[in-house]
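J.: Read off the chains here:
Number of protein chains: 6
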Amino acid sequence: MVYLTRRERFNAAHRLYNHTWSEAQNRAVFGKCANPNFHGHNYELFITVKGNVDPETGFVVNVHLLGEIIKREIVEKLDHNNLNLDVDFMKDIIPSTENLAKAIWKKLENFLDDCELHCVKLVETENIFVEYFGD
Amino acid sequence: MVYLTRRERFNAAHRLYNHTWSEAQNRAVFGKCANPNFHGHNYELFITVKGNVDPETGFVVNVHLLGEIIKREIVEKLDHNNLNLDVDFMKDIIPSTENLAKAIWKKLENFLDDCELHCVKLVETENIFVEYFGD
Amino acid sequence: MVYLTRRERFNAAHRLYNHTWSEAQNRAVFGKCANPNFHGHNYELFITVKGNVDPETGFVVNVHLLGEIIKREIVEKLDHNNLNLDVDFMKDIIPSTENLAKAIWKKLENFLDDCELHCVKLVETENIFVEYFGD
Amino acid sequence: MVYLTRRERFNAAHRLYNHTWSEAQNRAVFGKCANPNFHGHNYELFITVKGNVDPETGFVVNVHLLGEIIKREIVEKLDHNNLNLDVDFMKDIIPSTENLAKAIWKKLENFLDDCELHCVKLVETENIFVEYFGD
Amino acid sequence: MVYLTRRERFNAAHRLYNHTWSEAQNRAVFGKCANPNFHGHNYELFITVKGNVDPETGFVVNVHLLGEIIKREIVEKLDHNNLNLDVDFMKDIIPSTENLAKAIWKKLENFLDDCELHCVKLVETENIFVEYFGD
Amino acid sequence: MVYLTRRERFNAAHRLYNHTWSEAQNRAVFGKCANPNFHGHNYELFITVKGNVDPETGFVVNVHLLGEIIKREIVEKLDHNNLNLDVDFMKDIIPSTENLAKAIWKKLENFLDDCELHCVKLVETENIFVEYFGD
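Chains as they are written, first to last, in this note's numbering: chain A, 1 to 135; chain B, 1 to 135; chain C, 1 to 135; chain D, 1 to 135; chain E, 1 to 135; chain F, 1 to 135.
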């Protein structure tokens with residue numbers, strides 16, 4: 001079994017805000033991440049799949065096709081958009097890095113035929129990233 | 001003369017939009033950068049100053065004080081904010097990387113006493129950056 | 001379960017030296033890393049914690065609080081110090097990257113309440129890093 | 001148990017081509033990676049070993065000796081060579097990143113005495129890497 | 001005047017070889033870079049243009065159009081090709097990083113209408129790059 | 001004229017301290033950089049030379065020979081040493097990044113025959129670097 005990782009990138013706006021809380025509670029927990037007019041990030045997304053190497057191709061998966069799937073199903077829906085307002089699969093979900101990584105997993109796992117999704121790694125800044133390996 | 005560069009970072013939302021144009025014209029020129037609900041970036045800011053080396057300290061400028069000035073005058077006003085809505089010195093300016101770099105120069109040059117501002121370099125993504133050296 | 005990683009950095013001096021060995025043996029094993037007047041590194045520290053995502057916040061842990069803990073308990077004790085001479089929790093320990101990563105784990109695990117420490121990754125140079133996952 | 005990783009680099013030419021297929025089939029599967037006159041990459045190789053820390057040295061393994069082994073057994077055979085034509089241990093193997101990582105594992109595991117090979121990570125571009133942990 | 005830089009990337013094979021020299025002389029000067037079956041690199045190309053900022057757009061140049069031009073005129077001709085054999089504008093030129101940067105300048109300068117080409121920076125490895133500013 | 005840059009690296013200890021000042025004054029100006037037992041850095045050194053391209057080789061300078069010169073004259077004298085105690089050409093000089101860059105220039109310019117030294121860039125941390133272009 002070999003693990004193959006493809007990186008894609010997207011630029012999005014978001015804010016962290018719990019609508020069932022008071023403004024003060026949001027500010028206390030989320031700080032400036034709760035600012036009302038949003039801020040944003042250059043997200044880096046690392047999708048890792050695992051599988052056996054096909055002796056005909058030398059591939060676990062065709063990484064260019066994998067890139068196309070990630071771009072079509074994930075990046076085009078997130079890139080240059082607002083994670084709180086514009087993304088159907090993030091509706092009613094606080095767009096933390098953790099929640100976004102889990103939502104990407106849920107969205108992506110249906111589109112992988114010949115290999116298995118192993119990890120969604122989402123880098124928010126050079127100092128913060130999350131990894132999700134499914135449940 | 002020695003050139004010293006200090007890097008700072010900020011995360012902000014923005015959109016590119018000319019309010020004197022039609023929606024169609026904005027879309028034609030700015031593409032998805034004009035999306036109404038904003039997107040965002042992890043901006044990297046490199047401030048370069050130049051000067052002679054003080055023989056008492058070995059410094060062109062105390063880089064920690066320089067960092068404090070950049071943080072106080074620039075980063076705190078931009079970080080986790082919306083460049084179209086929240087930043088006084090970007091009011092009525094299209095927040096392109098070019099315009100933001102020029103505005104940062106204009107704001108910062110007044111706060112440097114012992115050295116001279118040489119360059120404002122602003123990195124928007126890993127593929128795009130601008131440099132401004134003053135007029 | 002989601003894994004969240006926070007990066008912090010510190011700059012420290014050290015040398016590799018076993019005081020029970022002769023000078024020649026130290027030189028044979030550690031080479032120039034045994035130089036008597038020390039050398040140093042820009043260390044990068046990646047702390048990974050794991051836990052369930054709190055539905056109220058979207059967080060495994062508040063990454064800014066995690067950063068504060070790492071800075072207070074680890075970085076402030078190591079940064080701009082000498083790992084052989086200045087750090088109480090490295091007393092009588094050869095300050096190899098391996099030993100330092102283990103000591104950081106031991107020190108840090110007591111301060112994490114809502115999540116579990118998963119990995120201490122310590123990068124010494126762009127070509128060398130270690131990872132410790134506990135015993 | 002501690003995991004230690006050493007990075008080495010090599011620059012090589014290759015093409016992806018299955019000699020049992022037609023030209024058209026190669027083109028359909030491998031695209032421009034099948035171009036007849038080769039292309040190339042700056043490969044980054046991360047070798048991770050695991051073991052207990054020797055109390056005399058603080059080392060899992062002497063990372064400089066590990067580097068020497070990787071350079072002698074792997075890098076010198078791949079660097080500035082053609083993976084399709086010049087490398088004995090890649091003979092009759094399609095030089096995909098997956099196959100190269102597996103071949104490096106097979107070649108390297110015999111040369112590690114005091115520690116265990118844990119992972120061969122091979123980075124082909126900033127967007128693509130594979131990891132192999134043995135069978 | 002503002003300077004704007006766009007990064008593009010390509011992967012290519014090459015060898016350094018002077019056909020008017022003996023094999024021994026090529027080997028003496030170029031070392032393993034003269035290996036007959038080629039090696040290769042992940043090249044990074046930074047194209048810097050300069051100009052005034054258009055008050056209507058905030059742009060020196062539309063960076064996405066600039067990217068399209070670089071991709072169409074340069075990257076598509078170099079990427080996944082062999083610099084010695086496949087590239088019309090490198091015919092009879094030793095494909096050193098220096099010569100390639102100059103050839104890219106010559107090819108690109110004709111396609112920039114609204115701004116001026118300032119610098120072609122070509123990164124061959126993490127340790128070597130060249131910059132060309134025209135004659 | 002083409003500019004060629006070679007990167008080398010070294011790891012060194014240092015402290016910032018002016019022996020003609022009181023302890024309090026050193027602490028006031030240099031802060032924790034004055035700590036008595038030293039700290040250290042992974043320095044990155046970028047040496048840029050300029051010259052015409054030799055039509056026989058395609059080179060401004062043989063970058064491998066340039067690397068050898070930098071390693072022999074600079075890196076071997078700084079690497080794994082203490083900039084305050086071990087380096088002859090830094091004797092009685094406060095080892096700030098500025099002063100070290102100037103000293104490297106002075107030392108290196110005598111060893112370049114076929115090209116001209118253009119810039120010494122010295123990176124102390126990911127947030128701080130200096131550039132010196134001679135007097």
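Fair warning: there could be bad hints in the mix.
Claimed, not checked - Some chain F residues close to chain C (C-beta under 7 Å, calculated; not the full set):
no., residue
1, Y17
2, T20
3, Q25
4, N26
5, A28
6, H39
7, T125
Read the hints as simulated data drawn from the structure, not as lab findings. Bear in mind the structure is a predicted one, so any value in this text is a computation, not a measurement. Idealized CB from N, CA, C, for every residue including glycine.
J.: Taking the earlier hints as the rules, which of them does this structure contradict?
T.: Numbers 1, 2, 3, 4 and 5, in rising order.
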